[in-house]
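Engineer: Based on the sequences and whatever the hints tell you, model everything.
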Amino acid sequence: DHKPSEKIEDSVENIWPGLWEMLANLPSDAEITNEVIVYRGMEEYTYDVRISPVRDWSDQVLSRLMVIRDISVRKRAEARVLESEERYRLLAKISTDIITRHDPHGKFLYISPACLATLGYNPEELVGESLFDYIHPDDREQALKAHVRILCEPRTHTLSCRFRRKDGEYIWVETSSRTIYAAGRDGGGPNEIVAVSRDITERKFAEDALLSERERLLVTLESIGDGVLALDAEGCVVLANTKAEEHLAALADVCVGEELTRLGSRSLESFLVPPPRGEA
Numbered sequence: 002d003h004k005p006s007e008k009i010e011d012s013v014e015n016i017w018p019g020l021w022e023m024l025a026n027l028p029s030d031a032e033i034t035n036e037v038i039v040y041r042g043m044e045e046y047t048y049d050v051r052i053s054p055v056r057d058w059s060d061q062v063l064s065r066l067m068v069i070r071d072i073s074v075r076k077r078a079e080a081r082v083l084e085s086e087e088r089y090r091l092l093a094k095i096s097t098d099i100i101t102r103h104d105p106h107g108k109f110l111y112i113s114p115a116c117l118a119t120l121g122y123n124p125e126e127l128v129g130e131s132l133f134d135y136i137h138p139d140d141r142e143q144a145l146k147a148h149v150r151i152l153c154e155p156r157t158h159t160l161s162c163r164f165r166r167k168d169g170e171y172i173w174v175e176t177s178s179r180t181i182y183a184a185g186r187d188g189g190g191p192n193e194i195v196a197v198s199r200d201i202t203e204r205k206f207a208e209d210a211l212l213s214e215r216e217r218l219l220v221t222l223e224s225i226g227d228g229v230l231a232l233d234a235e236g237c238v239v240l241a242n243t244k245a246e247e248h249l250a251a252l253a254d255v256c257v258g259e260e261l262t263r264l265g266s267r268s269l270e271s272f273l274v275p276p277p278r279g280e281a
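The opening position of the sequence shown corresponds to residue 2 in this note's numbering, with each subsequent residue numbered one higher.
It is possible that some hints are incorrect.
What the hints assert, rightly or not - When the alpha-carbon atoms are kept at most 16 angstroms apart in a straight line, the in silico EDC-like pairs for lysine to aspartate or glutamate are as follows:
| # | residue 1 | residue 2 |
| --- | --- | --- |
| 1 | K167 | E126 |
| 2 | K205 | D140 |
| 3 | K76 | E36 |
| 4 | K167 | E142 |
| 5 | K108 | D134 |
| 6 | K205 | E175 |
Stated by the list, open to error - Per label pair, the in silico range of CB-to-CB distance:
| # | residue 1 | residue 2 | range |
| --- | --- | --- | --- |
| 7 | T202 | L252 | 43 to 53 angstroms |
| 8 | T243 | F272 | 13 to 23 angstroms |
| 9 | E126 | I225 | 13 to 23 angstroms |
| 10 | A250 | K167 | 50 to 60 angstroms |
| 11 | E223 | L252 | 18 to 28 angstroms |
| 12 | L110 | R199 | 11 to 21 angstroms |
| 13 | Y182 | S64 | 41 to 51 angstroms |
| 14 | P155 | A80 | 38 to 48 angstroms |
Please keep in mind that the hints were generated in silico from the structure rather than gathered at the bench. Even glycine gets a Cβ: it sits at the ideal position worked out from N, Cα and C.
Structural biologist: Here's what the structure looks like:
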């Protein structure tokens, strides 16, 4: 808060008591580097202090050269980064999903503790390994193509593939990934990929079972001589065998996926209203 000229020839003890206490306990010929914290009101300021002895021709210490640099902004930024990393580590620790970081070539840089419960590996067993070595051979080409898209397109990508557990079994995992750039999209290339993966094996088996059941149903419907169709709550045709498709085209000029409102000259509602009692 003072002009530099006002402090010339003043003592360090008067200008900066805390720094004087540090100097008083050090040999006069010591080379030191230290950080000094000063409070101004509620604000904390950090200074990088470097002190070197100034010697004459006979190597005697004449004085000390002090270089002081305000590093408060940097220290506050570092504190924010550390706080953010701590939150990230906590999230990764408690999450049941597997959180991973990869380099642009696909090597694991980090893998969260959930890896042990889901895949059977301790995280350190996978760090440095290529993720493609653990993907099912039949899914590897698809995964490699997706990896290229992830590196090139700055958005989140989702991929489902089979991943090998430690016991040798493969499970289905669904992974959402996004590339982190070194200095922004235009300022640097891809730095690493952050991904979140979850086990979807049961869901995948259920989907496959439903698909198989649908295929069996279609085979059965095709073997029936009559036209059979199914409507959803909005009256759209969601399923129809070949005979039903022929009838729909002739009677209503609609096909699967379209709304059915009439059959011939009669409205669909007239077919859905039950006849009066006593009438067939």
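Engineer: Return the numbers of the hints above that this structure violates; sort them in rising order.
Structural biologist: Result: hints 4, 9 and 14 break, sorted rising.
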